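Residue numbers (this note's numbering), protein chains in the order written: chain A, 155 to 289; chain B, -13 to 202.
Keep in mind that the hints are not guaranteed to be accurate.
What the hints assert, rightly or not - Computed cross-link-like contacts, SDA-like style, restricted to lysine to any residue with a CA-CA straight-line distance of at most 25 Å:
#, chain 1, residue 1, chain 2, residue 2
1, A, K175, B, H162
2, B, K182, B, A147
3, A, K175, B, E164
4, A, K175, A, D189
5, A, K175, B, R81
6, A, K175, B, P161
7, A, K175, B, D146
8, A, K175, B, A147
9, B, K182, B, S172
10, A, K175, B, P193
11, A, K175, A, S185
12, A, K175, B, A166
13, A, K175, B, S142
14, A, K175, B, D64
15, B, K182, B, L133
16, B, K182, A, P171
17, A, K175, B, E19
18, B, K182, B, R95
19, B, K182, B, L143
20, B, K182, A, A169
21, B, K182, A, A172
22, A, K175, B, A60
23, B, K182, A, D177
24, B, K182, A, L176
25, B, K182, B, A166
26, B, K182, B, D146
It is worth saying that the hints were derived from the structure and are not from the lab.
Treat the numbers as computed from the prediction; the structure is a model and nothing was measured.
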Amino acid sequence: MTESRDDHRDRDPLAFPAPVKLDRLDPARDSAAFDRRVLAIAADALAQRTAAPQQTVLGALGAWSAPAIAAAAAIVIAAGVAVTLLPLPAAAAPASFAESAGIARPLVQWSADNHSPTADELFRAVSGRLAGSAQ
Amino acid sequence: MTYPATEVDAIPRAVRLERMTGASAPANPAATEPSDAAAVARAIAGDATAIDLLVRRHYCGVFSAAFAVTASTADAEDVCHDTLVRALSRLHECRQPGRFAHWVAAMARNRARNLLAAPSMQRRSAVDPRTIAAPDSPAQTLERDELGATLERAMSLLTDAQREVVLLHDLYEMPHDEIAGRIGTSAGMSRQHLFKARRQLRAALGPDLLKEYFDD
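Please build the complete structure, drawing on both the sequences and the hints.
Have a look at this one:
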């Protein structure tokens, strides 16, 4: 029996090994079966594309806006229920325009009552105001 | 032990390679199939012949990517079918139609990995090299192509990269630089994978079985 070139190759660790025949693994080996597989894939792909709804800008916006609107509605409803049911903290008396402008309350009161303050009253009102603003 | 005669290739390898690359230089432009980019554009527009063309052109490349992960022809064919159907129904997501082959092969690898990670596939374990030449049972031997099953078991001993390289190079005669681009490595590394794959396959098949698989 004569040694083939590949017997030498197998013994030589540096020689590039000869290829092994891999045709049995080739999915296109049986052309009829391969054609059937190709047709099945193409048919399935076309069917999926037909079944899937066409994505349009309006469609995408609609798909996005529906849950967003639902979430916003839920938040509004929850906020309304909370405002209705939860007790509000005791509200402070609303400040008048003069008070919010920084004028001391006694001065406003005197003005309303047409009262002429004495120098002492005026001093206490203004010093109280100054003391309050210093804090 | 006798084996059935090897079937004659239905499609010449050079034709298969040309179909797989999708970018071959046209000898006669009038008779040339469209490039991948053109075929993808036509398929998006609903051209059924372009879809058929893409499937035929890329089936073997997708199969190689899937087989590299699963090491099973049956599983690889399932992955191949699912991947191509999914890819062709979502062609608008392919950002670089000229690189359709890479896109769909990456999709196949991911799908194959997901398949192996599924609980039903956990029974799979590393193949014992001593079982390479031993058929599972007489009944199974009758049902399956014994040579193909033996070769499949030998292939399962290789790494994923070795399996993909040896399939693309030795079955589809794809050059190393193109293989390197497909699997994300260098041409030199592709040669290295091929060297190790061939040596391991020859060792696993043994001298008796190797006569049935040797390509001379």
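Hints versus structure:
1. Simply put, A:K175 and B:H162 have alpha-carbon atoms about 18 Å apart, close enough for the 25 Å limit, and the pair holds.
2. With a C-alpha separation of about 11 Å, the suggested pair B:K182 and B:A147 falls inside the 25 Å cut-off, and the hint holds.
3. Under the criterion of a C-alpha separation no larger than 25 Å, the hint pairing A:K175 with B:E164 is consistent with the structure, at around 21 Å.
4. Restraint check: the Cα-Cα separation between A:K175 and A:D189 comes to about 23 Å, which is no more than 25 Å; the hinted pair holds.
5. For the hint linking A:K175 to B:R81, the alpha-carbon distance of about 37 Å lies beyond 25 Å, and the restraint is violated.
6. Between A:K175 and B:P161 the CA atoms are separated by roughly 17 Å; this keeps the pair inside 25 Å, and the hint holds.
7. A threshold of 25 Å between alpha carbons decides the hint, and for A:K175 with B:D146 the separation of about 19 Å falls inside it, so the pair holds.
8. With a CA separation close to 18 Å, the supplied pair A:K175 and B:A147 stays within the 25 Å bound.
9. Only pairs whose Cα atoms come within 25 Å are accepted, and B:K182 paired with B:S172 is accepted, the gap being roughly 15 Å.
10. Proposed proximity of A:K175 and B:P193 is supported: the alpha carbons are some 14 Å apart, at most 25 Å.
11. At roughly 18 Å between alpha-carbon atoms, A:K175 and A:S185 fall within 25 Å of each other, so this suggested pair holds.
12. With a C-alpha separation of about 22 Å, the suggested pair A:K175 and B:A166 falls inside the 25 Å cut-off, and the hint holds.
13. Distance restraint check for A:K175 and B:S142: the Cα-Cα separation of roughly 16 Å lies within the 25 Å cut-off, and the hinted pair is therefore satisfied.
14. Between the alpha carbons of A:K175 and B:D64 the distance comes to roughly 23 Å, so the proposed pair stays at or under 25 Å and holds.
15. With a C-alpha separation of about 22 Å, the suggested pairing of B:K182 with B:L133 holds against the 25 Å cut-off.
16. Taken as a hint, the B:K182 and A:P171 pair is honoured in the structure, with Cα atoms around 9 Å apart against an allowance of 25 Å.
17. A distance of roughly 29 Å separates the Cα atoms of A:K175 and B:E19; the hinted pair therefore is violated under the 25 Å criterion.
18. Note on B:K182 and B:R95: the hinted pairing holds, with a Cα-Cα distance of about 22 Å set against a maximum of 25 Å.
19. Of the pairs offered as hints, the one joining B:K182 and B:L143 holds, with about 11 Å between alpha carbons and a cut-off of 25 Å not exceeded.
20. Among the hinted pairs, B:K182 with A:A169 is consistent with the structure: their alpha-carbon atoms are about 11 Å apart, no more than 25 Å.
21. Distance restraint check for B:K182 and A:A172: the Cα-Cα separation of roughly 11 Å lies within the 25 Å cut-off, and the hinted pair is therefore satisfied.
22. Taken as a hint, the A:K175 and B:A60 pair is honoured in the structure, with Cα atoms around 19 Å apart against an allowance of 25 Å.
23. For the hint pairing B:K182 with A:D177, the CA-to-CA distance comes to about 19 Å; that is within 25 Å, so the pair holds.
24. Of the pairs offered as hints, the one joining B:K182 and A:L176 holds, with about 16 Å between alpha carbons and a cut-off of 25 Å not exceeded.
25. A hinted pair counts as satisfied when its Cα atoms are at most 25 Å apart, and B:K182 with B:A166 qualifies at roughly 16 Å.
26. Taking the CA atoms of B:K182 and B:D146, the gap is near 12 Å; set against the 25 Å cutoff, the hint holds.
Violation of the numbered hints given earlier is confined to hints 5, 17; the remaining hints are satisfied by the structure.
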